[in-house]
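6 protein chains.
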Amino acid sequence: MLRLSPPGHQRFTQANTLEIVYGGGEANVAVGLAQLGHDSAYVTRLPAHDLGRSVAMYLRRLGVDTRPILYGGEKLGVYFLETGAANRASKVIYDRANSAFAEIGPGMIDWETVLAGATWFHWCGITPAVSPGAADACLEAIHTANRLGIKVSTDLNYRANLWKYGKKPVEVMPALVAGCDLILAGEDVAEIMLGLQAAPMHGSSGTSADHVRQFCQKLQQAYPKCGKVAVTLRRSVNASHNAVSAMLYAGQTLFQAPTHDITHIVDRIGAGDAFMAALIHGQLTYPGDDQLALDFATAAYAYKHTIPGDALVASAAEIEGMMRMDNAGRVAR
Amino acid sequence: MLRLSPPGHQRFTQANTLEIVYGGGEANVAVGLAQLGHDSAYVTRLPAHDLGRSVAMYLRRLGVDTRPILYGGEKLGVYFLETGAANRASKVIYDRANSAFAEIGPGMIDWETVLAGATWFHWCGITPAVSPGAADACLEAIHTANRLGIKVSTDLNYRANLWKYGKKPVEVMPALVAGCDLILAGEDVAEIMLGLQAAPMHGSSGTSADHVRQFCQKLQQAYPKCGKVAVTLRRSVNASHNAVSAMLYAGQTLFQAPTHDITHIVDRIGAGDAFMAALIHGQLTYPGDDQLALDFATAAYAYKHTIPGDALVASAAEIEGMMRMDNAGRVAR
Amino acid sequence: MLRLSPPGHQRFTQANTLEIVYGGGEANVAVGLAQLGHDSAYVTRLPAHDLGRSVAMYLRRLGVDTRPILYGGEKLGVYFLETGAANRASKVIYDRANSAFAEIGPGMIDWETVLAGATWFHWCGITPAVSPGAADACLEAIHTANRLGIKVSTDLNYRANLWKYGKKPVEVMPALVAGCDLILAGEDVAEIMLGLQAAPMHGSSGTSADHVRQFCQKLQQAYPKCGKVAVTLRRSVNASHNAVSAMLYAGQTLFQAPTHDITHIVDRIGAGDAFMAALIHGQLTYPGDDQLALDFATAAYAYKHTIPGDALVASAAEIEGMMRMDNAGRVAR
Amino acid sequence: MLRLSPPGHQRFTQANTLEIVYGGGEANVAVGLAQLGHDSAYVTRLPAHDLGRSVAMYLRRLGVDTRPILYGGEKLGVYFLETGAANRASKVIYDRANSAFAEIGPGMIDWETVLAGATWFHWCGITPAVSPGAADACLEAIHTANRLGIKVSTDLNYRANLWKYGKKPVEVMPALVAGCDLILAGEDVAEIMLGLQAAPMHGSSGTSADHVRQFCQKLQQAYPKCGKVAVTLRRSVNASHNAVSAMLYAGQTLFQAPTHDITHIVDRIGAGDAFMAALIHGQLTYPGDDQLALDFATAAYAYKHTIPGDALVASAAEIEGMMRMDNAGRVAR
Amino acid sequence: MLRLSPPGHQRFTQANTLEIVYGGGEANVAVGLAQLGHDSAYVTRLPAHDLGRSVAMYLRRLGVDTRPILYGGEKLGVYFLETGAANRASKVIYDRANSAFAEIGPGMIDWETVLAGATWFHWCGITPAVSPGAADACLEAIHTANRLGIKVSTDLNYRANLWKYGKKPVEVMPALVAGCDLILAGEDVAEIMLGLQAAPMHGSSGTSADHVRQFCQKLQQAYPKCGKVAVTLRRSVNASHNAVSAMLYAGQTLFQAPTHDITHIVDRIGAGDAFMAALIHGQLTYPGDDQLALDFATAAYAYKHTIPGDALVASAAEIEGMMRMDNAGRVAR
Amino acid sequence: MLRLSPPGHQRFTQANTLEIVYGGGEANVAVGLAQLGHDSAYVTRLPAHDLGRSVAMYLRRLGVDTRPILYGGEKLGVYFLETGAANRASKVIYDRANSAFAEIGPGMIDWETVLAGATWFHWCGITPAVSPGAADACLEAIHTANRLGIKVSTDLNYRANLWKYGKKPVEVMPALVAGCDLILAGEDVAEIMLGLQAAPMHGSSGTSADHVRQFCQKLQQAYPKCGKVAVTLRRSVNASHNAVSAMLYAGQTLFQAPTHDITHIVDRIGAGDAFMAALIHGQLTYPGDDQLALDFATAAYAYKHTIPGDALVASAAEIEGMMRMDNAGRVAR
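From first to last, the protein sequence lines stand for chains B, R, C, G, D and P.
In this text, residue positions in the first sequence follow the numbering used here: the first is 1, and each later residue adds one.
In this text, residue positions in the second sequence follow the numbering used here: the first is 1, and each later residue adds one.
In this text, residue positions in the third sequence follow the numbering used here: the first is 1, and each later residue adds one.
In this text, residue positions in the fourth sequence follow the numbering used here: the first is 1, and each later residue adds one.
In this text, residue positions in the fifth sequence follow the numbering used here: the first is 1, and each later residue adds one.
In this text, residue positions in the sixth sequence follow the numbering used here: the first is 1, and each later residue adds one.
Derived from the structure by calculation, the hints contain no laboratory data.
Everything numeric in this text was worked out from a predicted model, so none of it was measured.
For each residue, glycine too, the CB sits at the ideal point set by N, CA and C.
There may be inaccurate statements among the hints.
Stated by the list, open to error - Pulled a few chain D residues facing chain P out of the computed Cβ check, cut under 8 Å:
no.	residue
1	L4
2	A15
3	H38
4	H49
5	D50
6	R67
7	I93
8	S315
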């Protein structure tokens, strides 16, 4: 998608210019992985005009292989972002209906070819929300990946203003999630998307370790292929100040990351995608060390908040430096 | 519509920011009339979000009464404009399908109320091209204006990439044009839109006075309510340098304006709308003097090329100064 | 006034460009009310050149009726604003002497016409500080409003660098304040402007409820027409971080609002005007509920700090969302 | 003065930012001389706030000695400039009344000290137009320079919107001009400023060599101290395209410079001041060669049109390169 | 190289920001070919820091395969560009000494691998001018290409401020040029670079067809592998207005292209590289039609002048549209 | 040096423009002193092109006497600065090898003339790190200053990426430091630069008063000319939030300044230079009051963090206002 934002903290109605960024759930994960040093490719459908091509150019610049992209249709999805500050929340206006991507359907992508040689396939819950064709194409991809022995991950990512084509998430998502090895989900989203009954909460215990462990176990029981469940945690002081952390449930163990206090947020969009990219990086880079993988992913999650745009534009070395938490106040020279 | 342009002469694929302007055929005419000192109002349908509201705010700023605007729907029409230079043409990418305006239909606007007290109603050929509902609403307006004795003008304005709803212009336009008192049209457009057979041309005589006179007479015969026909003339040296003029056929006389050489074009979008606004201004302000009205309109037509954005942001005094053609090289201080 | 500011946190002597905003006490209140959904109009005098017209265009864009504005004189008041950060205070340089507005005088505005149909008239203490003519015109307006039964409010707003025409505030203000139904004032300002002896303070008790109640009672005794007195409270950690609250004394009761901590100020100019606009909105919208009106006004007061420019560019729904204090950290999508 | 301009070709009413430049007749000449390699100093009065200081900082940056500047008063003169294009003229709005400079008067500047060691003193006709005090201070300076044997030059420079303090130019200027060795003047300006009867013109012969020679002779007769008279010539095709030349009458000879065609004007403000600076440079650098001095000055006159801002920011070597007229189309690398 | 330019027509000493572009002779040709639809790759050496990586990111964005790039060294070559206007020439300041690229040497690039599967290899005369190592590496490449049967082209491109390592061009260039199939050269450059005695000229006949034919024949005799010689022609009216054309000598025939008048130059840097890319495109796309190939290349040469930056950001379809010379004045919508 | 920074918090690889500032250790101190009201001059060597001249213009603008600057060489030192935020550290890329300044050597500057009439000479530890010639020229200067009875100060300032010419700091620095009256140093830097053995630390006692006193005493014993030692203290919460303080050891007494909490850093580069300039100001302005001098210097140290660019652009009155710590939250109007 094309993201257009008023500069600084201008309101939509005050803007005379808009800043261009490109992004979207899976695209951000692809960029994050490329920046962290991996070969990553991205599959989508874009209109064959200069704005559609600009999306591919943007991704290619950041290291993503754009050869699998299909060209066709007329409309590029757009979203407008107003960046909040302190007590004023950020706002988004979507203009993505009838996009070239929404017109995608099963059979249009040759998944065998696209996935040949891949080790990991990631999708997110926004894709099946866009159109039945997108949901079907996603299911095709998951089945192909499963057949080829490629790991599959998802970020459930519920967007209330989508899912307008006559089906509820619970009618669509379970079949897709069933093919996944790693799921990033929150309890409330899992209830909406998968119909997973949330456990009763005592006080503000929703982010307590015990509660999260129960949720992850229940999710694993329902989706036995899923070996690992990740949950991100966020405490919002206000639009400029958040504290973030995460947990990872893997092999009966709940790993917990330290909390990062982000006192001056630059751009929080795409932080979850940065977490996902970094968690996949961790799975591939530190295969036996889930604590390290989680800590790295959580550091990337926090680090994204300091970077303009949708994507994690940062090297693995920079995230590792941040994990040591010892250098942010100094100038690296 | 929201117009988004890369700054300066950047190409679409080079842009990091987009400059915001709002515009559209009739909106530009409404702004032009307000700037020239008239009470003008604009009727359209906009989505009830901050971007939709920004269109109304933009128009109100420039003096247009926006109270008749309807709010509803979700999508604001967008067009992307790349500004050419010298040998490189400007380019436009439209993203206007399914806009709030396209969803308009008969009965949604109370034309009796909207037009109460008005002296002039203007519409352009883009409106009926957008959707059957828009065409029907436009016909309602014209019939109401005719009934109330309000003058009606149109700019035929053919856009090949519209008219996608299954009807050809010639099936729709004649009924609309039949209610008009003043038509701005070129011969080629009149052929497409009205089925008016073009006269055979001898050499490059298409803009000769005789040829234009014949065309105007033929158009008047077909549409006898139409008392006056205007034709704009443009010689394109390149994207930065054009020469413009115009003719007006009224009461059996063909009036011809001087030619203005615009050697350093700033923004040529909306020049035709500026001409239309200034011609209406001329009709209202110099009622007996069609030569003066035409000269004023042609000066405004040229002047618009020096103004950023879609609309004629200029006072009548400024256009009159330009008509005397004696001050552009000096600094007005 | 035309406000010109170096971008970001540049110092005056570092600036190469200046950002344009328009504003002024009563103008900001008029914009705030228009944004909150009310019909609001603004009366002033502006020079009849393009910069003067730009003020009216700016106000009209934001929904204010500018038809009552007079045109004449040569100079538009200007103020230059340098935005501080952390330990560096913001700075203002005024260039408003001899402005078109300062040349206003009694008899120039037909208040009967301007105020016809109005329900509320607001003025602020800067107006009578500018020139004797402005003070007299203000008094005319207050008397007219009183005669027509229109509610009158004021924000005392003392500016030490004005009041240069030979009279002290105490010689001018009491007659004006006597016609007011609602006064926004601090104790120190009331002493300077109205000669109201401040009560002795014990420790830092100046903002304690008891102390504020005493002050309000004393003010009411001196100005019996005044049914309600509002006091805004501000704790300045530094130029980027303030905490704000407010109290309202009405019908023998002192209402207290919660405190809003604004950790990342975007623009604090006009916050008091935003409070005033929102308090008038509250009086009109929640007539029986002074607590709700005060809470709404205080939320608007805080919210303004996050918005670039002088005025509260926000809808009532956005302020209400902020009052619930539950959404700033999330992205509204 | 502080000059504020909308970027690009925006109109005043379209601007959201203003670009800062500083300038003024004599200041521009001082900068031009400093850029051409001379020690130059500038005398004026500026308010002692950050904007006043910014003027001095700007001049110092460009090489001008600012130590003679007086600080006092409150207002910095401002002018707003809208840059025209093609058929649209540039516009200026002045806000210079009551400036710190206008409050200057005789006795405030110690001219003996300021002019000690100087070889040239330049003033322009805007200074005596501002206030009687400025005219008197200017006269003091000229008398001091005459006494010290310092050459004096002037650019008559008539501004119709000044001269508002009750005297006509002809009551003030002759006494000032009497002390000048070099005068830059046009015939129409000399009539207004000095009461010098213009010769009858035959056709468009106003810029013919014979006509100019007669004018110069008449001026010299009236002001016998004046050894040289310069006249600049400008043909305005439109706001973006001018052709310029100049003539110099010295020692009974009329020297004529070639014409420079400036097809893409960047900024024409200050071109006359650039001519003046370069003519003084020529007098000092090529003492026996008036043709060379004139050609250099005319090249600088043309060159200024390509430079943003009020002043000639160019080295003598660059102007000499331009005189050879052989390099503009190439990239100097 | 990193190119840094003051915005608009600012002079170096006026700039507060610099605009970033990346470029260089061969890089521009690689981008041009990628934009015209070819698989193109670029070989260079860049420092392994964020600025070095930004060059590769820029090239990848525009479609160039950057995998052959070596990383090492510390300095990225920089050039500063001041864009002239009208009578003021553009200026360049180089800061490229000791760049990572200058430290390249023979044996560092595995040309067999890099050139595997290629059909064309292009180099330019700036490379051997930078350092002996770069000259040697270039010779390695040419020999490898020759051995593999890959076509080789060169643009002689003399830069007087390079060639500082103790050898004259004529000591180095002939061995390199001997391996070329297509040479872009001017007569003066061929004399400096290759010692080729220029023919005596009669009047301004240097660009006459006869004279160019003689030059090409002489060049071919000296370098018999070279089947085709191209010569670009440029008439510089001033820095904003040039007219360009070109000739191609192939198979005893001298083909001549039409002249393109570029009245409003946006950016003329890289025009020669655009010509070269388009000429290679023509050789590959219209193999039997040298006239068409030349016309296409000349159209691209002209078109580049309208595009900001160093490179031809344009599709083959856009250049073909320009060849028809029929659309620049219209808006493509 | 030329400093180039991406705007806002963009990463290097995201930048399309770079903001220009000029700076460097001693240059920043010179600017700071000029801003605080002192006559200050700066000696360096700059290339004689427009970028070199721009450095001098920048310094002159801010009040520094640039007449002692030598012109020669080709390269201007450049550093690229990426500004971090919250948990992301700022980054610097240097491109200063082979600069005109590094080519400086003994005998090139006539120190007797340059220092004539001076009261203070300041140098910093970056200068001798650049090249042996720079170290020798620095030693010349110190010896001359000592001979002329001019106070000498230094800021040890270790940069690990310099010192590449074959000598270690301890081989060079002691001879230079021996001539200093005032040293700004940290314990770790003193160990690297001077070989001064650090005292064993107990816990985090490195910044305790006792520990600092011991360090200062040891430094004074080694360098008996040095009457005063200053140590700055910084606690880095993150890249946007630091707290700073300082101590000064003078005449057997350790003075301690209050701590300033800087919660919203704008630009922390040059803060140490601001401290140094303000400490010299304090020595000159409050000769008997080291506590006041230290408090002033520490306030300037903090204040610099709120100012864009390398230098302290602030008056003594503004720093004094900040020392009272009573005005940052208010608008100065």
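Checked hints:
Contact between D:L4 and chain P, as hinted, is supported at the beta carbon level, the nearest pair being about 7 Å apart and thus within 8 Å. Annotation: D:A15 was flagged as interfacial toward chain P, and the flag holds, the nearest CB pair being 6 Å apart, inside 8 Å. Here the hint on D:H38 is broken, as its CB sits about 26 Å from the closest CB of chain P, past 8 Å. Interface restraint check: D:H49 against chain P, minimum CB-CB distance 5 Å, threshold 8 Å, status holds.
Hint on D:D50 holds. Least Cβ distance to chain P is approximately 4 Å, under the 8 Å limit. Hint on D:R67 is violated. Least Cβ distance to chain P is approximately 18 Å, over the 8 Å limit. For D:I93, the interface hint holds, since its Cβ comes within 8 Å of a Cβ in chain P; the closest pair sits about 5 Å apart. For D:S315, the interface hint is violated, the least distance from its beta-carbon to any beta-carbon of chain P being 22 Å, above 8 Å.
Comparing the model with each earlier hint shows violations of hints 3, 6 and 8; every other hint is respected.
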